[in-house]
Amino acid sequence: MFRQPKNPDRVIPNLKFPAFLLLAFLLLSTCSKQGVEGGEGSFTISPRSSPLHGRMSFDILSDPKTFNPALASETTSTQILGYIFRGLTRLSPYDGTVKPDLADHWTIDPSGLKVTFTLMKGLLWSDGVPLTANDVVFTFNSVYYNPAVAAPIRDILTVDGKPFRVWAQDDRTVVFETARPFAPLLEELGVEILPEHLLASSVKANKFNTDWSVRTPPAQIVGTGPFRLDRYVPGQYVLMTRNPRYMAPAGLKKPLGPDLPYLDHVLLRIIPNQNSALLRFLSGKSDLIPVSPSQVAVLRDAEKSRAFHLLRRGPSQSELFLTFNQNSRAPIHSYKVAWFRDRRFRQAVAWAIDRKALINVIYNGLGAPIPGPISPVNRAFFYTGVHLYHHDLVRSRALLREAGFVFRKNRLYDGSGHKVTILLMTNTESPERLAMAQMIQAMLKPVGIKIRVVPLQFNMLSTMVLTSHQWEMLLFGLTGVLDPHGSATVWRSSGFLHLWNPGEKNPSSPWEKEVDRLFDEGVITIDPEKRKKIYDKWQEIATWEVPMIDLVSPDEITAVRKTLGGIHPTPLGGVIPHISLVTQQARLVMN
Amino acid sequence: MIRAAIFRLIHMGLVILGIVFLSFLMMDFAPGNFLSQMAMNPQISPQVIEALKKQYGLGLPFFSQFGRWVQALLHGDLGYSFSYHVPVSDLIAQRVPMTLLLTISAVLLSWGAALPLAVTGARNAGNWLDRSLLSFSYLSISVPSFFLALLGLLLAEKTGWFPIGGAQSAGSASENGAHFLDLLHHLILPALTLALGSFGVLYRLMRSSVMEVLSQPFMVAARSRGLLKRLLFWRYLFRNSINPLVTLFGMELGGLLSGAAFTEMIFGWPGMGRLMLHAVMTRDLYLVMGGLLMGSILLLLGNLISDLLLYFLDPRVRENK
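Protein chains in written order, with the working numbering: chain L, 1 to 591; chain U, 1 to 321.
These aren't lab readings, by the way, just hints derived from the structure by calculation. There could be a bad hint or two in this list.
Some chain L residues close to chain U (C-beta under 10 Å, calculated; not the full set) [stated by the list, open to error]:
| hint | residue |
| --- | --- |
| 1 | ASP63 |
| 2 | ASP155 |
| 3 | VAL159 |
| 4 | PRO163 |
| 5 | ILE271 |
| 6 | LEU388 |
| 7 | PRO431 |
| 8 | GLU432 |
| 9 | LEU434 |
| 10 | ALA435 |
| 11 | MET439 |
| 12 | HIS469 |
| 13 | ALA488 |
| 14 | GLY495 |
Cβ-Cβ distance ranges computed for the label pairs, FRET-style [as the list claims (entries may be wrong)]:
| hint | chain 1 | residue 1 | chain 2 | residue 2 | range |
| --- | --- | --- | --- | --- | --- |
| 15 | L | SER292 | U | LEU183 | 50 to 60 Å |
| 16 | L | ILE108 | U | LEU183 | 49 to 59 Å |
| 17 | L | ARG329 | U | ALA72 | 54 to 64 Å |
| 18 | L | LEU388 | U | ASP28 | 25 to 35 Å |
| 19 | L | LYS304 | U | LEU183 | 48 to 58 Å |
| 20 | L | LYS207 | U | LEU248 | 28 to 38 Å |
| 21 | L | LYS304 | U | LEU129 | 25 to 35 Å |
| 22 | L | SER318 | U | PRO144 | 29 to 39 Å |
A virtual CB, placed ideally from N, CA and C, is assigned to each residue, including glycine.
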C-alpha cells in the first residue's frame with residue numbers, strides 16, 4: 001500500500017457547497033487514488049510480508065544539489081546521502097562516542113600514529129559487487145586527496161596540511177598512518193566510502209566533478225547504506241528504497257529481528273515553504289517535522305486531537321555568540337579596538353546580557369543558555385567548571401569603572417572622553433538574530449553603552465568580517481562540531497576564522513598563546529581523559545577572557561506521528577537514533 | 001512591415017545584450033560569491049576555497065569572465081551551475097514545462113473568465129452582477145498573491161479536497177491517464193490562485209473599454225441600422241474594445257516564466273521561480289544569468305507579439321506606419 005490511510009481524526013466539515021464543486025471533488029478524489037495506486041509502475045509494493053514494512057515520509061526545504069558524497073557541501077544533499085552511503089566509523093547519537101560502521105573493529109598502534117581497520121565480513125555494494133579495502137584506499141587516495149576533485153571536506157582529513165597515508169593490507173584490512181598522533185582521526189573516518197568499480201574511470205577521465213549529479217540515473221548511484229536511491233523528481237520528491245544487501249553495523253541492537261532496515265521506503269518531499277510543510281504534517285501527509293519554538297503553541301492545541309506527539313530534545317548544538325573586533329590593523333577607530341581588547345570590558349558586556357529574557361522572548365521560553373564554546377549537550381567534552389555570566393548590572397558597571405570608563409548622565413565614556421557607541425552587525429537572513437540584536441541593544445543601554453544595529457546580507461557581512469575587517473561587534477553563529485579540534489580554525493590565533501583577530505602571525509596576548517598551546521597538545525593526545533583535561537583548560541580560559549560571548553540555543557523539538565516506531569530523542573542525532581531501525585508500527589517496538 | 005519587424009529583432013538583440021551585461025555587472029559588484037557561504041565554515045580552509053574558485057573560474061577579471069560566458073552563449077552553451085554541478089540548460093529545461101503549465105492554465109482561466117464577464121458587466125453596468133464583480137475585482141487586485149496561496153493551502157488542509165503542495169503524488173510517474181489526472185488535481189489550486197490575482201485587472205480594463213466603445217457614435221449608428229446582433233458584437237464591440245488588452249497580453253507573455261514565483265514557493269510547484277530564487281540566494285552565477293536571459297527574451301517576444309497583433313487588429317496602427 002502506498003497511500004497512507006486517511007487520518008481518521010480528520011473531521012470533514014459539513015458544508016453545503018454548490019453541486020458542481022461536489023462533482024468536481026468526487027471526480028478528483030477518485031482520480032487521485034488512481035494516480036497513486038494505479039499508476040505506480042515499477043514500485044508497486046506487493047502485499048505486505050511483514051508488519052514492519054512501510055514507508056516513512058517527511059518534507060525537506062530544497063532540492064538535493066548532488067548525489068556525489070565527495071562534492072556535497074550543503075545539508076539537504078548530505079542528509080540524503082547519509083541514508084545511501086556509510087563510512088568506516090559512525091558517532092553515537094547519544095554521547096558522541098565513535099562506533100564501528102563499515103569497520104568491524106580496529107586496533108590503534110601504541111605510537112598513536114597507525115590505525116588498522118578490519119572491515120565487516122561479506123560487505124556488498126548495493127549493486128552486488130563486494131566492498132574491499134581497495135575501495136577505501138581508492139576513496140581517500142584517488143578522490144578525497146585528488147587535487148582535481150572539488151572536495152570541500154579535504155581539510156578535515158589532513159594533519160598539518162598533510163594527507164593520511166592509506167593502504168590495503170589485504171581484502172578486509174586497511175591501514176591509516178598519520179605524520180603525528182591525530183586524536184580526532186576515528187571520528188573523521190566517518191566520511192563516505194565510494195565504489196572503485198564505478199568511479200575509477202571517471203576519476204581517470206577527470207570527469208569526477210560532474211559525475212553522480214542530480215541528472216544521473218538513480219540506479220547508477222551505488223552505496224552501502226540502508227537505502228538506495230530509487231527516484232528523484234526535481235522540485236518534487238526523493239524516494240529511497242530499502243537496500244536488501246545492507247549489513248547493519250556491529251553492535252547495533254535489532255529489537256525486531258536481524259533483517260535491517262525495517263522500512264521499505266523513505267520518501268522526502270521537497271516543500272520549499274515551512275508553513276506548507278506544517279499544514280502537510282497536520283493533515284497526515286508527512287510523518288515527522290522539526291518544529292521551531294514559535295510554532296509549538298500551534299501544535300500543542302492540535303496534539304491532543306491528532307495522532308502525533310511533540311518530542312523535545314533539549315538545546316541544539318548550534319552556537320550563537322557576540323564577538324568584538326580586536327584586530328589593531330582593522331580600519332576602525334583605534335580607541336574602540338582598545339576597549340575591545342580589554343578583558344574587563346568584554347566581561348562587563350557578558351554580565352549585562354540577560355539570557356533568560358532572550359530565551360523567553362525569542363524562543364518562547366524553549367531554549368537554554370550556552371555558557372561557553374562547547375555546548376552542555378556535548379557531554380564528552382563540556383567542562384562543568386566554566387565561568388558563568390548571568391544578568392548582573394552592578395558587576396557589569398563595577399568592571400567598567402575598574403577598566404577606567406566613567407558614567408556621565410547615563411552614558412558611558414572611556415578614559416580619554418570618547419562616548420561608547422558600538423555598531424552591532426548581524427545577518428538579515430535570520431529574523432531571530434535580528435530580534436536578538438535589538439534586545440541586546442536594549443540590554444546594554446543600562447550600562448551606558450549605545451548600540452546601533454546594522455543588519456547586513458550574509459555575503460556582505462562575511463566579506464566585511466573576513467576580508468575588509470571593517471566591523472566592531474558581531475552577532476553570529478558558526479556550525480558546531482563535536483570534537484573540540486573542529487574549533488581549531490576559530491580558536492588558534494593563526495586560524496582563518498579567529499574572528500576577533502584573524503590570521504595572527506604571533507598570538508597577540510598571553511592567553512591566546514596558551515590556547516594555541518592547548519589546541520596543539522589536544523590534537524596529539526590520544527588518551528581521552530588527558531585530552532578532556534586539556535580542553536577543560538581551554539574552556540576555562542575561553543569563558544574568562546570571553547573573546548566570544550556565547551548566548552543561547554533554542555530547544556530542538558520534533559513532532560512525530562504516533563505510528564512511527566524506532567523513534568527516540570537523542571541529544572546529538574535528532575529523534576532517529578538509527579534510520580534502519582525505524583518502523584511504521586510503533587507498538588511493536590519496546591522502548 | 002517586414003523591414004520594421006527585422007529592425008525590431010535587431011533592436012531586441014541589442015536590448016538583450018544590454019540586460020545581460022548589466023545583470024552580469026551587478027552580480028559582480030555585489031559582495032561575496034558562491035563560495036562565501038563556505039568561507040564561514042570552520043571545516044573548510046581558505047586554500048580549498050581558493051582551489052574551488054579557480055575551478056569555477058570565479059577569480060577572473062570581470063570582462064574575461066563575461067566574454068567567456070557570451071562566447072559560450074553564442075555556441076548555445078548557457079554554462080554550468082556551481083551548486084548542481086550540471087549544465088544550466090538542463091536545469092532550465094527541466095523546470096520550464098512545469099512553470100508554463102501553471103502560468104498558461106492560469107492565463108486561460110483568468111482571460112476565459114474575465115473577458116465574457118466584463119462584456120456582460122459593461123452591458124448591464126450598475127446592476128447587481130456588475131457591482132458584485134466590481135467589488136470582487138477590487139479584492140482580487142488588493143489581496144497579495146502569497147496570501148491567497150496560503151488561504152488556498154488552508155482550504156486544502158481543512159477540506160482534504162486538494163493535495164497540499166507538490167505537483168505529483170509520489171509514485172505516479174508512469175505516463176498514462178491517471179498520471180495526467182493526478183497532475184491536474186495538483187494544478188487546480190495554484191492555477192486558481194494565479195488566475196484570481198490577475199482577474200481583477202483584466203475585468204476592470206475590459207469593462208471600461210467595452211463601456212467606452214458602447215458609448216461611441218458608430219455603435220449607435222450600427223445599431224440603428226439594425227445590424228445582426230452577432231455581427232454587431234464581434235465586429236464592432238469586441239474588436240474595438242480588445243485593443244488595450246492586447247498590450248496587456250504581451251506583458252502576460254513576458255511574465256509566463258517569472259510571474260509565478262510566490263505561488264510556486266508556497267505550493268511547492270517545481271517551476272522556474274523556485275529554481276531562480278535559490279540560485280540568486282546562493283549566487284549561482286550562470287544559473288541566474290540563464291534564467292534572466294530566458295525571462296528577458298520572453299518579455300521582448302511578448303511585446304513584439306502584442307505589437308504585431310495590434311498591427312493586424314487595428315487599421316489605425318497600420319496606417320500610422
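Status of each hint after checking the structure:
no. : hint                             : result
1   : ASP63                            : holds (8 Å)
2   : ASP155                           : holds (5 Å)
3   : VAL159                           : violated (13 Å)
4   : PRO163                           : violated (13 Å)
5   : ILE271                           : holds (5 Å)
6   : LEU388                           : violated (25 Å)
7   : PRO431                           : violated (15 Å)
8   : GLU432                           : violated (18 Å)
9   : LEU434                           : violated (17 Å)
10  : ALA435                           : violated (21 Å)
11  : MET439                           : violated (23 Å)
12  : HIS469                           : violated (14 Å)
13  : ALA488                           : holds (8 Å)
14  : GLY495                           : holds (8 Å)
15  : L:SER292 to U:LEU183: 50 to 60 Å : violated (32 Å)
16  : L:ILE108 to U:LEU183: 49 to 59 Å : holds (57 Å)
17  : L:ARG329 to U:ALA72: 54 to 64 Å  : violated (41 Å)
18  : L:LEU388 to U:ASP28: 25 to 35 Å  : violated (48 Å)
19  : L:LYS304 to U:LEU183: 48 to 58 Å : violated (37 Å)
20  : L:LYS207 to U:LEU248: 28 to 38 Å : violated (48 Å)
21  : L:LYS304 to U:LEU129: 25 to 35 Å : violated (46 Å)
22  : L:SER318 to U:PRO144: 29 to 39 Å : holds (33 Å)
Violation of the numbered hints given earlier is confined to hints 3, 4, 6, 7, 8, 9, 10, 11, 12, 15, 17, 18, 19, 20 and 21; the remaining hints are satisfied by the structure.
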